[in-house]
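Visitor: Protein chains in written order, with my numbering: chain A, 1 to 261; chain B, 1001 to 1432; chain C, 2001 to 2639.
Note that these hints are calculated values from the structure, not bench results. One thing to keep in mind: the hints can contain errors.
[Stated by the list, open to error] Simulated restraints, written as ranges between beta carbons of each label pair:
1. A:Val-250 to C:Ala-2522: 37 to 47 angstroms
2. A:Val-133 to C:Arg-2379: 56 to 66 angstroms
3. C:Asp-2465 to A:Lys-252: 46 to 56 angstroms
4. A:Lys-3 to C:Asp-2465: 46 to 56 angstroms
[Said to hold, decoys possible] Simulated crosslink set (SDA-like; lysine to any residue; CA at most 25 angstroms straight-line):
5. C:Lys-2632 to C:Gln-2046
6. B:Lys-1332 to C:Lys-2234
7. C:Lys-2074 to A:Ala-156
8. C:Lys-2560 to C:Glu-2541
9. A:Lys-177 to C:Gly-2264
10. C:Lys-2234 to A:Ala-156
11. C:Lys-2621 to C:Gly-2264
Just so you know, these numbers come straight off a predicted model, no measurement behind them. Just so it is clear, CB atoms sit at the ideal spot from N, CA and C, and this is done for glycine as well.
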Amino acid sequence: MKKPKVAFFDFASCEGCQLQIANLEEAIIDVTKIVDIVSFREVMKEHSDEYDIAVVEGSIMRPMDEERLKKIRANAKILVALGACACMGSVQRMLNQWPMQESKDIVYGEGDPKDIEDNPYFANFHTKALDEVVKVDAFIPGCPINRDEFARVLVALVQGKKPPIPDYPLCVECKKKENVCLFELGKFCMGPVTRAGCDAICPTYGSECEGCRGFVSHPEENAYAEVLEKYGLTVEEILQRKTMFTYRYVEKAKKEAKKDE
Amino acid sequence: MSKINIAVKHLTRIEGHGNIVLNVKDSTIEKIQWQVSEAPRMFESFLRGRPHHQMSHITSRICGICSIGHALCSLKATEAAMGIKVSEQTILLRKIALHGENMQSHILHVGYLVAPDLFRAGSVFPMIETHTHTVLKIIKLHRLANEMSDLMCGRTTHPITLMPGGFTAIPSEKQLKDLKQRLIDIIPVCDDVIQTVLDNAHMLPDFSRETEYIALTTDEEYALYDGVIGSTDTGRHPIEEYESIANEFVVPHSTAKFTKHARESYMVGALARFNLNSDKLTSLAKKWAKKFGLKAINYDPFMNNVAQLLEYIHCVEDSIALIDKLLDKGLKKNDNTKYKVRAGRGIGGVEVPRGILFHDYTYNNEGICTKANLVIPTNQNHNNITKDMEIFAPMLLNKSEKEIELNLEMLVRAYDPCISCSTHYLKVEFKR
Amino acid sequence: MKIITKKEFLVFVDALIEDESIDIEGVKAKGEKFVFGSLESADELQLDYDVTILPPKKYFLPQYETMMTFDLSKPFDVERVEDPKPRIIIGVHPYDIVAIKQMDTYFLDTHVDDSYLQRRKNTLIIGSSVLNVAEKAFFGDMRTGSVDSGYDLMLTDMGDKIAIDIGTEAGEKLLNNYARSVQEATPNDIQKVRTIIENTSAKAKRGLLVKPQGWHDLLEKNYDSDVWKSQAEKCLGCGTCTLVCPTCFCYDINDEVDLNLTTGKRIRTWDGCLLRNFTKVGSGEIFRERMEDRYRHRYNRKGRYLPDMLGFVACVGCGRCSSQCVPDIADPVNLINKLAETSQSIKKSEATPLTAEDKIVSATVEEPLHVPRPATLKRVEKLTELETFFEIELDDGLPLGHQPGQFVEISVMGFGEAPISVSSAPNGNTFELVVRRVGDVTSKLHAMKPGDKVGIRGPFGKGFDVEALKGKTLLFIGGGLGIVPMRSLINYVLNNRQSFAEVTILYGCKKPCELLFKEEVAEWETREDIQFMRSVDKCPEGESWDGEVGVITCLILKVKFDPKDTIAIVVGPPIMYRFVIRDLINLGMPDENIIVSLERRMKCGVGKCGHCQINGIYVCKDGPVFSYKDVKDLPEAFT
């Protein structure tokens, strides 16, 4: 059976997710045995436009990026969104709280406005995840991704199986590891509404889950908000946590509220 | 009438997206440009309104490779703003974490991104067959660096345990002892890899241009975590003066800002650190510097790669010393500094693998960030890359287009730019 | 009873730890909490702990257990993984010992779980009397503060000395081989121990209004109480309560393939009924979708279903669920008391004392419970867009030995296992399956060819009681995919036509293109000794159909039969059998004359993993074929 051709791309991101693939260390050799990597700009010069699976990291923030993504979608049979930027928008989604011109003024304010206007490099619009531009076939969440999960998804795609991304909260993994629950330590963990698959790494190290993998498909948001209030968080503080990685859901709720009006 | 037009779109084997454009007509360079096309994510805008405890987690997302450096710089800024003084144990642990990141980034760069050029390969993948032993050794060095920062921070990319005042979790004494042994064991492997690079160093182009070098500097040690700003031209400056040193300006062909100080441009990074602080390197690093014939002040940007290798082994040796210090004192389980949130402005300066990094935060009474300014190392190099190209390109004109392109690419790669930190790859078009 | 100084006891533990051939686990500190973990030295042991985060069930049913490995480069290469290393667990509280006994009863009863048994046999339990009572513990109310069996040694830490009660010969040997200066306990010591146990049990009471023996009646009476909804509104669906509970042991099994695409493992992991996808089947339906149903199920399983099945209330009052539930709704004391407030006169049921030792000794393993047998695909025929027919032969040449209505678990190593009803009558060395393509396993099966190998476990379940049907008039009503299991009985009946009275077969599908077994259907049409009618819900453009058009319930009206004297066999999707049964009842058919096959998520096939539960019954064990009379009152059966 011919090895599937895989190409890696990235958009607005920190490239940390692609780095996790390089961090497979010796296992990267196993990867090259089951797929043909035909494009991976960060580590190789060669490039081909013929690929079966496109693995894409990063958010879409400019028209030129949208165009590039659409080309990739047309070339690929399977498009995989790699990491929080591609799946949800990650932290740069917080930009969507303000009009884009305001952000441009803050960052490039002291420059010559002539250099910025009409310059495609600077033509930012509000952050979009990949599936807000093209159809996405598989999502690997996380900021960064868990490289074991990447290996599992790659195996599944090559075998023709559904990518095994869990749809239950982090608490399941945390409890199986016998971690002390962060709520007992006076912290506020987003684990109960966040999708497992990272092996509860942050709570394992005593740090609150920040929801970087996105919510499970049916999060118990009301019950969770009630819990946070009970433990002493103000509404504002709850929203602060929600905006960090999961602003996409806040945006969606705002849009739906507007529709109802 | 002969023309050379080189447009390397989205240069490979660097972090982030950048283009090289060279237009030559009749041996006159009409245009030489280093363009940064990375999509700007505009951190300085969305850091507004963020509570202080989220800042280091958000800013680590600026970069996948130097996320620990960003997190530490961010914490230093917050701690400076709120008057939080961390314990010595915390500082020692943070230094080891930073060493781990330095090692990881440098060996990734020299081993995966630059070495293929030395062996004229497209990437490290074919080298797995042709130079198996070397590649396996590089992987070993990379793996150790990763596991080291995993141990210190919970995770290398986007660290977990770093927080204002200290750590959410620290390694045990046994784990530090094991790490120390692994560091001791890796030294021969380091020596092998550095020797291999030495044997192939002649494949690096021969070029140098006088420029200013800026890095942290201190009398105590080879400055990475702490120090004041040092310049080969103007001496020492307090961190608070960073804005007057790194004068950022916007350039239309780059979504990343450029900087300049005493001259038209300056360089940061491993070579800059070497040029300012080489006397503070550990003994093995100094030994290898001699073998490469590398002495301060060296103006060859390609030597940045060599300086990175020296730093790898320096970090290995220094980490062993830091671990010894920690074990001598005995680890305290909870050595975090308690603090009260308050208003203030604080500036942190840290050397990350690619150079000097500044985070500048202003908080209100509730500990919410009202203003943030970040100066990224690679921003500070973009201008220097451009100036180097302007001098280097004319020297290449008698070579084939392929060679010109490769040499220009190698020049940019030598800087180890981290463009997503600051901002892509265009198609190469050749017209003669 | 024996006595030993604390000092000598620590020497004893260190001696055990030094013996590298045994894995020594004990209670140690984790931050401010306690866990069972590997002991490196005796001074790590914390016998005065109140409760551990996870119960010792993790030693017998690990969080992640590699059951078998496989090699996909060979046609069928599966190897069971064993865990033979001897283990000693030190510090198990009496209530946890009671829980282990309950697990023994569950796993070693019928269909002995060989992995569980191996771990149990290899483990010695050194129990420890409770000294400090956890805030939410109520083992005093549950009478699990002390046990007189289930341990090899039982310690009571009295400060400067430790009393040791010897429970088994193995325990005695342990003392003889590793401990020094063991003395006989004085009557004073014995009294002290008794006092300690009584005092702590007295402290571990939190005002439980209804004793465990009354839970069955209380829960039954309050099945529709508002309490479930009001509590469940706060539930996060995080699964914590079931994961930390010593008497919860539902599990899932999945395949993981390594990066080389060749080697892999089949892994068992903890699952929980509070998780949303616990009851999700391949086609996507979730049978316990509302949070209140899941929340209610857990309590009913512990207080009603398991007592009905095995004679014990599956709660030992450890308080783990209560202290670790973030929204604080998992506390059994609060819940029971809430229900009790609105209930009068609760009846008490008999409690059966647990005797675990004989379980371990007498348990016989018939075959490894989860390891499939190799089988070869003889024929593969595509029937429709979604359904493919398979004829399969076991590699050992033996017939499957199934009854009509039973099912098998078919394994494609590296993909997983799926429950498929057997579609052929029991004759010959091969058996037939019709598989609908819905997920990973079934998609891979569809792509396989004759000669390829699969794994088979089973046959499982209660099939059709063919003996009871003999001589009766039969009315088969099959909807959609329901014809598949029904065919096994139909063919049996047709092969033994003389043994049955009138036979009518009604078969309905959504559209003509979904018709299965076209050739056999044509045959049934021509047979003179049966009545056959078929119908489609609608006939879309471009398809042709010469049968009836309309839902299958219309066909029933066209059949002349005496409802009181006919047995109806109904198999189809829930939406179909609900209406069919309603119509049959309205026509006057008695409940016991209706036979229905129910579908749930079946995984282990032997009533252990817990996924297929409908209230207190396991579809895989008590069904999938049921007499309507037996399931009509189950609230979850026909939702």
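Visitor: Now tell me if each hint is right for this structure.
Guide: Cross-check of the supplied hints:
no.: 1; hint: A:Val-250 to C:Ala-2522: 37 to 47 angstroms; verdict: violated (60 angstroms)
no.: 2; hint: A:Val-133 to C:Arg-2379: 56 to 66 angstroms; verdict: violated (47 angstroms)
no.: 3; hint: C:Asp-2465 to A:Lys-252: 46 to 56 angstroms; verdict: holds (53 angstroms)
no.: 4; hint: A:Lys-3 to C:Asp-2465: 46 to 56 angstroms; verdict: holds (53 angstroms)
no.: 5; hint: C:Lys-2632 to C:Gln-2046; verdict: violated (52 angstroms)
no.: 6; hint: B:Lys-1332 to C:Lys-2234; verdict: violated (39 angstroms)
no.: 7; hint: C:Lys-2074 to A:Ala-156; verdict: holds (19 angstroms)
no.: 8; hint: C:Lys-2560 to C:Glu-2541; verdict: violated (33 angstroms)
no.: 9; hint: A:Lys-177 to C:Gly-2264; verdict: holds (23 angstroms)
no.: 10; hint: C:Lys-2234 to A:Ala-156; verdict: violated (36 angstroms)
no.: 11; hint: C:Lys-2621 to C:Gly-2264; verdict: violated (29 angstroms)
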